[in-house]
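Work out the full structure: start from the sequences and follow the hints.
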Amino acid sequence: MADPVSDWTHRGGFAGLSRRIGSGEGLKAVERAGLAAATVIARRGKAADAATALGRMLGAPVVDGGKRTSGGDVTVLGTGPGTWLVFGDRPALVADLTAALDGLAAVVDQSDANAILDLSGPRLVDVLEKGLRLDLHPAAFAADDVAVTAIAHVGVTLWMSDDRATVTLAIPRSLAGSLLHWLEASARPVGLTVEAD
Amino acid sequence: MTSHRLASGGLIDRATPIGFSFDGRPLTGHAGDTLASALVANGIRLVGRSFKYHRPRGIVSAGPEEPNALVEKGRGPRREPNTRATTIELHPGLDAASQNRWPSLAFDIQAIAQFAAPILGAGFYYKTFMWPAALWERLYEPAIRRAAGLGRLSGAADPDAYEKAHAFCDLLVIGAGPAGLAAALTAGRAGARVILVDQDFRLGGRLLCERVEVDAMPGPVWAGEVEAELKSLSNVRILTRTSAFGLYDGEVGAVERLTDHLPVTPAGEARQRLWTLVPKRILLAAGAIERPIVFGGNDRPGVMLASAMRTYVERYAALPGRQVALFTTTDDGWQTAASFARAGSPLAAIIDARREVPEAVRALAGDVPVFLGARVLDAIGGQSLRAIDIVGDHGRRRLAVDGLAVSGGFNPDLALTTHLGHKPVWSDERAAFIPGDLPANVAVAGAAAGRFTLAAALADGARLGAEAAREAGHTPAETPAFRAGDEPCAVAPLFHVEGGRGKAFVDLQNDVTDSDVALAAREGFVSVEHLKRYTTLGMATDQGRTSSVNGLAILAALTGRTIPETGTTRARPPHVPVAIGALAGLHRGRDFKPTRLTPAHGWAKEQGAIFVESGPWLRAQWFPKAGETDWLQSVTREVEAVRAGVGICDVSTLGKIALSGPDVGTFLDRVYANTFSTLPVGKVRYGLMLREDGFVMDDGTTARLGPDEWVMSTTTANAGKVMQHLAFCHQVLWPELDVQMVSVTEQWAQFAVAGPRSRDLLEALFGPEADVSDAALPYLGCTTLALGPTRARLFRISFSGERAYEIAVPAGYGDALARALMAAGRDLGVTPYGTEALAVMRIEKGHVAGAELNGQTVARDLGLGRMLSKKKDYVGRLMAERAALNEASRPTLVGLKPTVAGVRLRSGAHVLPLGVPPTAEHDQGYVTSTAYSPTLGSWIALALVANGPARHGEEVRIHDPVRSGDVVATIVSPVFVDPEGARLHG
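So the sequence lines, in the order shown, correspond to chains F and X. Our numbering applies: residue 1 is where the first sequence begins, and numbers increase by one. Our numbering applies: residue 198 is where the second sequence begins, and numbers increase by one.
One or more of the hints may lead you astray.
Here are the simulated DSBU-like pairs of lysine-lysine, each with C-alpha atoms no more than 30 Å apart in a straight line [stated by the list, open to error]:
1. Lys880(X) / Lys1067(X)
2. Lys918(X) / Lys46(F)
3. Lys67(F) / Lys1067(X)
Far from chain X, some chain F residues (derived; all Cβ distances over 12 Å) [as the list claims (entries may be wrong)]:
4. Arg11
5. Ser18
6. Asp73
7. Gly131
8. Asp144
9. Asp145
10. Ser161
11. Ile171
Worth flagging that the hints you see were computed from the coordinates, not collected in a lab. Here the structure is a predicted model, which means the values were calculated and not measured. Cβ atoms here follow ideal geometry from the backbone N, Cα and C, with glycine treated the same way.
As C-alpha cells, then:
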C-alpha cells in the first residue's frame, strides 16, 4: 500500500494558539516555526576549536560563552560550557554543522524540540518582568547576551535582536501552552497578539 | 460636613465625597481618606472588639501598626478579614464590618469574658483544658476558637488574580518620607537606577502629617515637587501602595496592592503583584512607630497615639476628640498640642511624665493646663473614653476628657534589617532600639536609624543616596542640602504606669496585660522569646509594633535586668500580612505547575481520551467508546484489541537522551549494571541503572542507531532524574570520558505499535519500499526509515509482551504520525490505547514499572539479578553486593492470582501466611501492582514477597485492613502471559 496519508503537516509548538487579547497592541508574539536547530557539544578539550569552526561557518567570531553570534541565516547561542544551540533558516543546517564540526563536536538535531516566540512591542519589558528573573537593562544585559533561565517554571533560552526591540524565547515545545498561560495573563492589561504557526 | 471634619485644611479632596458603609451604616468620606480617617471624621469611636476579652476598642494609630481597628473588608468571596482600617484607602462602595462581636458591636454577649478576666490570664487555656486530652481537639479547641478570634474567612475560592514581577536597581529605597525622598532624588539625579517603595498611596510619609517646611515649602508641597521630579527620571521607578515585607539573600520581597483601592477590580487585571526586588544597595527609610504607654484602661476607645492624632488633624482634617488630653514623655507629643490648637480645638490638659520640659517645647501648647511630673493612672469609660485619673506632684485628680493622646517615644521600624539574623541595639540616649550590625548592602536613614528630626532625616537621605549612586558608578553633581528645622525630640523613657485600677494592656491585639507579663515572669518565662510564646505578646497582624518594646521593658523591670540584657524577639518575614494568593501568583489550581502536552495531544483529545497526570505530562489514560460505562470496560477492550490485533499508544513522554562521543560505550558500561559497549549498530538493549547505594534507580533501553549515534530512553517519571544523574557522573566522576549528551525528549514524538498485526500496520504505513520483515528488523533491532517528508526511527521493543515496535518522528510530525497510523491501520482495526491498558499488559507480562522501581528494591528483588554484570564495574555494584541485599528472605517479585475468580486484589495490601493473625510480625510483603487481566479473566497482581520465587504455588492471605480486603491468593510466576516469549518474536 502506498503512503496512506497525503497530508504530513508539520506543526509548530504553538500551532493553533494564535490569539488577540484586549487591544492586542502592547505586545506582539510571533512564532518562528520551521527553523532548523541543533545542539552542538564540543568533544572533550575541543571547545575552542569548535567555536572557531562555528565562527568560520558564520563568518563572525563565536566564543565559548553565553553570547549570541548571527551570521547569514544562522544564529549561534552559547548555552553552556562548550555547548551551543544553533538555529538556522535552512533545511540542511544539521548536515552542514555535522560536516563543519567533524571530530570537534557532537551535533544533535533539535529542530522540533523548541517552540520559539519573537516578542516585541511597546510594553515588552513591562510584560517580561512579570516572569523573567533577569535584568534586561543595557548595563546588565548586552544585546548579544544569551540567558538560559526560566519563566513561570518553564525553561527558557532567551536572546534579543541587536536593536534590543525583539526578545526571543525558545522553550520546550511541550510547554507552549503553559508559557502562553503566563504570557496571556501578564500581557492582558496591555493587550497581546499571538501569531502562531 | 461630617461631625468631626475640620472646616479646612488636610490633604483630602473635599470636592470628591465618597460613600461607604461600616457595619451596614451608610457614611461619607472624601478622596484621600483612609477608612480610619473617615471613621474619625464621622465621630465613630468604637470599631471592634478585642481578641480575648471582647473589650470595646477604637482606632489607636494611623498606619500599618494598628492593633485594634481590624475589619472585614468586602463581601462574598472577596471578604477579607483582619484588614487594618488605617491602611484601607477609602473608595466608593467600600463595605467594611467590625469583627469578633455578636450580635452587634455595641452589644456583644461575649464581653462578659472581661469579668472573668482574673482567671483568663496567660496560659489559661493550656492549664485549664489539659484533661482529658482527647477532648482538646474535638471540644475545647473549637469552642475556644469560636470565642476568641478575629475575622472570618469567606470560605469561598479567591476570585481575584495575582501576579509576580521582578525588578533590579542600584538603590532600593524603602519608605518615601523625607529621608527616602531625599535619597531617591539624590541618587536618581545622579543617574542611578532607583526603586522607591512606600506602603501609602501618597508619597511623603510624615511630611504629610506634620506642619513642617522643607526648602521653605510646606512638607506636602515639597514632597509633591520631589515626586514630580522623580517621575520625570526614567531611571527611577516609584511603587506606591507597596509594602516591602521581607529581606532575603540579595532580594527584597514586596507586595503591591494594584486594585484594592478600586470599587471593582478591572477585568483581567491582577489584584496584587508580588515583587522580587533585586537591589545593589538597600536604604531603609521606614521611619519610626510611636510607642504607647501601659496604664490602666489604656485600651478605651479614644486613647490614641499622639502622632496618630496629629495625622488625623493635619492630613485628614478630622478631629479625634473635642476634649483631648495629652499624656507624653517626649517633646514630640507637644507637637500634637500645637496641631489641636491650630485646628481651633486646644487640648484639655497636658500630662508630661517629665518634671522639666524646655520652654521652646512648652510654647508649642499655647495656653493649656500642664501637669509636669505627672502620669495617667487610669483611663475611664466603656465604649468611649470619659475621663482620666492622673497622679503626680499635684496629687491625684480626675479630668473629664473624650480623647487621650499618648506619646511614649518612638520605635524605629527596623524589622527588615533583622530578617537575615542581624540584631538592633538599645540606645539609652534615644530610648529606642537603633540599627546595630547591618546586612552588607543595607543602610538605614532618618527616624528608622533613630535620627528623629526632619533635618537629620533629609541629611541622611541625601548622604546615603549619593553614596549608593557613587557605588553604582555615578557621580552625584553635589549632595543637596535640604533646608529644614531641627525640631526638639527629647525622650525620657516611660513604659508602664503601675497602680491603676483598670486592666493595663501591653498588647492590644492579643489582649496581653501587664499582669500577664508578670505571671509569665513568675512562672519562669523570662526569655523574651518564651514570653512571646507564652502570652502571645507581639504576635498576629501588627507583629508587636506597638507592644514588643513595652513588653520587654516590663519584663526587664520585673527581672531586674536592663533592656539590652533582656533582648528582643527576632523579627521574621513577612513584616506585613501577605495574601497567600499573591505568593502563589498564577500558579494555582491546574496551573500550579506547568503541564507538558505531547505533540499528538490534540489528536488524542479528538479521540475522546481521558487524560491522567503522569509526572509533568498529561497522557491518555484510556479512550472510551460510545456505550462504554466505566473505565474497566474501555481498558479491557483496548487490551483485547492489542492482544488480538494491533493498537497504538503515545509514548512520547518517555525520557530520551542522545549520546555521542568515542567513550559512550565505556560511559554506559559504568552507568548501567549490564554491558552496553558491545551493543552493535542497529540494536536496542534493555538496561538497568542503579543508584550509588545499589538500589535500582531506573530501567529503560538504549539503542545504537549509528556508530556514534546512541539514544537512551528512560521512564517518564525518571527522565529528569536520569539526565541529572548522567550529567553528574560525567562532570564529576569521569570528566576524562569524551562523551556528549543532551535530552531529545522534546525533539521526538514516539508511538508504540503493539499486537500480532503490528508489522502489517507498519508495512501499510511505510509502503512496499521499506523492509520491516523479521529478518531486517528482528526483536531488539532498530533502524531509520523514510516516512512522508521526514525520517522515522523504528525500534522493535515491547512492553506488552506482544510483537511491538516504537516509531519516532520529529515532534512537528507527531500529530500527523498519529493520524497516519490510524489511517494505515484502519483495515486492521487499529485501536488507540492509553496508559491503563499499557499497565494491564505489562502486569500480565510481569514487567516492573514505577510501583516496583520504588527506590527500595534491588535488581535481585525484581528478578533482574542476572542483569548485574560480573565482568565490569558500574555505579552501585559494590553496595548491591552487600549480604543483606542478597538474602533469599528479601521481598522478591512474584505474581498473585486469587483462588476465587472475580475477587479483586488491591495495591498496598499485605501478604501473610495462612492461619496466622494479621499482625506486623507475620508480614511477608506487599502487593505493588494490580490489574484485571482480560487474558486470564481474573484480577492479578505483582507483589514483593519474602522468598517469593521459591513459593510459587503456595496460597497466601492478602490482607488489606484499610479497605477491608481479606482474600486468599496463590503465588505464581510474575509472567502471566506468554512466558516462552513466542508472541514477542512473532
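Hints versus structure:
1. At roughly 22 Å between alpha-carbon atoms, Lys880(X) and Lys1067(X) fall within 30 Å of each other, so this suggested pair holds.
2. Restraint check: the Cα-Cα separation between Lys918(X) and Lys46(F) comes to about 28 Å, which is no more than 30 Å; the hinted pair holds.
3. Restraint check for Lys67(F) and Lys1067(X): not satisfied, since their Cα atoms lie roughly 47 Å apart, outside the 30 Å limit.
4. The claim that Arg11(F) lies off the interface is violated: its Cβ sits roughly 5 Å from the closest Cβ of chain X, which falls inside the 12 Å cut-off.
5. The Cβ of Ser18(F) sits about 15 Å from the closest Cβ of chain X, beyond the 12 Å cut-off, so the non-interface label holds.
6. In this structure Asp73(F) is separated from chain X by more than 12 Å, as the shortest Cβ-Cβ distance comes to about 19 Å.
7. With a cut of 12 Å on Cβ distances, Gly131(F) falls inside the contact zone with chain X, its closest approach being about 8 Å.
8. Its beta-carbon lying about 19 Å from the closest one in chain X, Asp144(F) satisfies the requirement of being farther than 12 Å from that chain.
9. Non-interface call for Asp145(F) relative to chain X: holds, since the shortest CB-CB distance, roughly 14 Å, exceeds 12 Å.
10. At roughly 21 Å, the least C-beta separation between Ser161(F) and chain X is larger than 12 Å, which holds for a residue marked as non-interface.
11. Its closest Cβ contact with chain X, about 9 Å, brings Ile171(F) to no more than 12 Å, contrary to its assignment away from the interface.
Checked against the numbered hints above, the structure breaks hints 3, 4, 7 and 11 and satisfies the rest.
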